[in-house]
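Going down the list, the protein sequences come from chains G and D. Okay, so the first sequence: first residue is 1 according to this note's numbering, each after it adds one. Okay, so the second sequence: first residue is 1 according to this note's numbering, each after it adds one.
Since the hints were made in silico from the structure, they are not lab data. Note that the Cβ used here is the ideal one computed from N, Cα and C, for glycine as well. Some hints could be false.
To be verified - Some chain G residues close to chain D (C-beta under 10 angstroms, calculated; not the full set): (1) Asp53; (2) Ala54; (3) Ala150; (4) Ile255.
What the hints assert, rightly or not - Short, incomplete list of chain G residues facing chain D, as computed with Cβ under 8 angstroms: (5) Leu11; (6) Gln12; (7) Ala14; (8) Trp25; (9) Ser326.
As the list claims (entries may be wrong) - Here are the simulated BS3-like cross-link-like pairs (lysine-lysine), alpha carbons at most 30 angstroms apart as the crow flies: (10) G/Lys234 with D/Lys26; (11) G/Lys234 with G/Lys219; (12) D/Lys12 with G/Lys73; (13) D/Lys26 with G/Lys73.
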Amino acid sequence: MSEGNASPIPLQFAPFGSALDAGFWHKLTQNKLEVYKLDDQPRPIHGFYYNGDAPGLPCRMSLEFNAFDESYKSPPRCCLSYGTLHNMNTMEAFKESDKKALIDSAAQKIWEDITSGAALQNPSLLTRFLLLTFADLKKYYYYYWFAFPALCYPDNVTMATEPVTIKTVFSEKQISSLQQSYDSLCEGGQQVGFFLVKRVGDEVTVGNLRDWDTFSGTKRKVTVGFCDPCTLDKHPGWPLRNLLALVAYNWSHRIDELEILCFRDRVREGVRDSSHSLLLQVNMAAVQSPTECPKCVGWEKNQKGKLGPRMVNLSASMDPARLAESAVDLNLKLMRWRLLPSLDLDRIGSCRCLLLGSGTLGCNVARCLLGWGVRTITLVDNAKVSFSNPVRQSLFEFEDCLQGGRSKAEAAAEKLKRIFPGVNATGVTLSIPMPGHPVGTSEEAVSQTRQDVQKLEELLQSHDAVFLLMDTRESRWLPTVMAASRRKLVINAALGFDTYMVCRHGLKRPLSDQAEGGSSTETAPMHSTMGRVIPGHMLGCYFCNDVVAPGNSTRDRTLDQQCTVTRPGISMVAAAMAVELLVSVLQHPDGGHASADTLGKDDHFSADYTSPLGLVPHQLRGFLSRFHTVLPASLRFDRCTACSELVLEKYETDGFDFLLEAFNSPSSYLENLTGLTQLHLETQEAEIWELSDDEDMM
Amino acid sequence: MAAGTLTWCRFKDEASQLLRHSDRIKDGWEWTEVEEDQAGGSFLVKKDVIRQVDERVDARDCVPLEEAEDEDNSDVLGVEYNMEEADTNTVPCELKETEYYRYQYHVLYSTSYSVPVLYFIASRPDGSLASLDEVWSSVPGSFQSRLQDDRWTFLTQQEHPVLGCPMFQLHPCHTATMMQPVMQETHDKDRGSCNYLVSWLSTVGPVVGLNLPLSYAQIGHVT
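Next comes chain D alone, as it looks inside the complex:
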């Protein structure tokens, strides 16, 4: 294997290490098998990561939604159901619905680059997708500068190679270059094998709002 890359087998092994730790600390990662036995056909998923919309950015400003009630559908949306009596046992609803995005992160294996690839998507509660600008705005400020400067944060819009739905992808073209010194160092010190996935994910994840708790660092060192 070229420096900074990993094999499909190692990807699977490390993913199962990561999953074991995630189960232990209840971090919510899952293994999705779609095309079993096929290199790249199974992947790690972390769903339902909720992040509130930053108050500074009104989501509606970023992407002008088409005027919904332009034609004959206004009467559909105007349909009201009055059969239900006022229910005193319901917590009175706040005026404005809380704005939040649900993130989904997928870690796939790229057979062409022999590195892991991070895909992600953010949905509004109604299932519509957040634009990239909205995604950025929900990422902590300290990471926003990294988006500008770091070469490995190359973002593209790509179809999910297994599921086929549109997602954002941190492009894998610089991953090996970034990981080479990391893997070299841990190898030299001979401190037991370092988990490539954990090192990589903890580096690139925060840029798109995915944080890996520190305890993942124990993987590989403590068996």
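If we strip away everything but chain G, and leave its shape as in the complex, we get:
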């Protein structure tokens, strides 16, 4: 091989690249917090490299979670490296640390190991590395810089010929003999990274570096091998550098020719292959043994190709809040992947929900929304948590009732964030003005009411769906008017002792559509006969439909006036139904304009699905005494006191003045306005407006 006198070819080495795993950073974090604390003393760590990579992969020095173990063992078939960790306490210390001194001291250790003979006994010492780190544990940013010190001795090494693969030189028998001999050298211990090689006929044997004298004797041509993590076909990997230093220091005067076996040993599909290993003919003219440590290189370049530190942002895998977010999202995606490919999770997750009322319904609705991945939840209430609340209102605890009780809205929002930090939850303490609850005429009172109305308008404007979950009927009036005027989705839930009612308000057509003359159908819903299906914009609101169950006398008290004594499960059922109704609406191609079937009795068991999630009913009325639910639908009422055109027009033109009049006047004001008085002279409407100031009512 070496007969030619061609000009020498420079020998260039492929540097190590650092390869860390998440477990390494986890463990470093843990150690920093529990063991090192402010101690920045150098610490021993371990890494490994592998000579079996597929072509195209870079030389890697890998560190894993066990890098800090005292009794470290490298993975099977991987070579061990000893490292030193310099974990700095501050960014300043990281920046200011003396890089030259650090790498020089590491090089000094390697040089001492070579000159003392320690590296002959344990050649793994040749691949020492160092790692400089700073962990910003508030942000989970990690700054790091590796150095793989390589002694520049002998300097500017050349090769006599181009490298060749061993399959061009070795027979198949020799290659498998090499493998067997190497395996027996490693038997029962760590992978041997550096070794001697001898060829006699078909036999290739390997031996330990420390056995040079007996193994190679006085031969003037020797072969030295190393596990080569490099996959380039013209270059060896970094570990060869310090091996050459060791060979030059110990034996340069005793040899004329040095052959290097870059041992590459890979397994593909269970078949082992080493034939791509390289053979290099290194020109090893006798070199002067330096009296002191040779100069050294080896700081790793960063992604920009410069000698500089790297930074990794691990908040996605280390920040518990971010982890919770991705786990929750993945769980929801599963539902889409497995069961409902057409499920549009973004439509649900991005739906900003306003919950008016933070009692039993508010708490349970909020929890169920979290389950669906809704990220913006705003809770409104004017009450404080009282001692009777926590057992039913699932976001509160005993502690919340102490010292007069915390604001319900704020406590609930805070609990939501404790359950899932990824949620954007806000609590707003606000009294919703109610018709028939006179505000008075004092300037202060009027201005407070004006502020409250304005706040509510802002809230409605900045949300996509509104849940009406308050304890009184009349407090639902103002948001119903406002939401109808702004074309927002409204889901209403109300409870009786053992009955509940959940409904979506009809969603009026966008203002732009109405201008195009759709008004004839808008104004006369009562007279049209549309068969079984009512379009979404023709559906009624809470005030169009009485909440008492069909068949009951109108003289019955409304359900929500009895609600201090509800069966506890009712709120959970109704809250879940309210959320699921919203989700079904959101998944319907027409959204809030989805039409609803006027299904009677049990027809809904056989009706065709109208959305990927099934039916999108107008109302659900549940009767716990019979464990039964019916799904009626009803038309909007053209004299409705909340959503009729008469009321909306008045609100849109007169604004706060109209609202103030409604609040301050007796209930007959609205009834006169809409013509209800005239239509139902004999009804007991007055009862609907009966006042309720009991904060503990649901």
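Chain G is already provided as a structure; the job is to place chain D on it using the hints.
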């Protein structure tokens, strides 16, 4: 034992068979004992499985990394070390760093389902984790459809039950159902005991990029 499940003892026995074969063909599986004697406290690990990033997918597109140099750290990253002279013996670095993921596969025993469970994670060279989308993109196309269709490829993000770090998990809820006919068949033919772990792992592994060489099939048939 219910059909399609296996006991902790059998799990350990089969794992040691698998390890012996892995050692023989140098496949790199290891046995990690964390809580000795505790059912489920020890597990099989295969580390450092390297897969290059598919060129079609730029990893950076999948997960927008937060802008790193937004504040006072740009000067840290700008720190340069100029003491080192140009070293002519270093292979000149290619412009772009090779993008690759390092996979780690863990095979644990689920005491609640009495079946093996596959956990895995993929890291970039800096230790940050690849997102699930990136993982998918590095799986051969032919297996991607299986992810959509196969019921036993239920994936969740779960903490490693022993190590506590976040990993992806192929959920064990359908494993017994999937394995029942396999185990039934080998049992009927009475061809010697089949290695449950090998049959299972060779079925579900490829979906997440873990390939078991064919020679593992010899386990149990050739002693």
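Please flag the earlier hints that this structure goes against, numbers listed from lowest up. Hint 4 alone not satisfied by this model.
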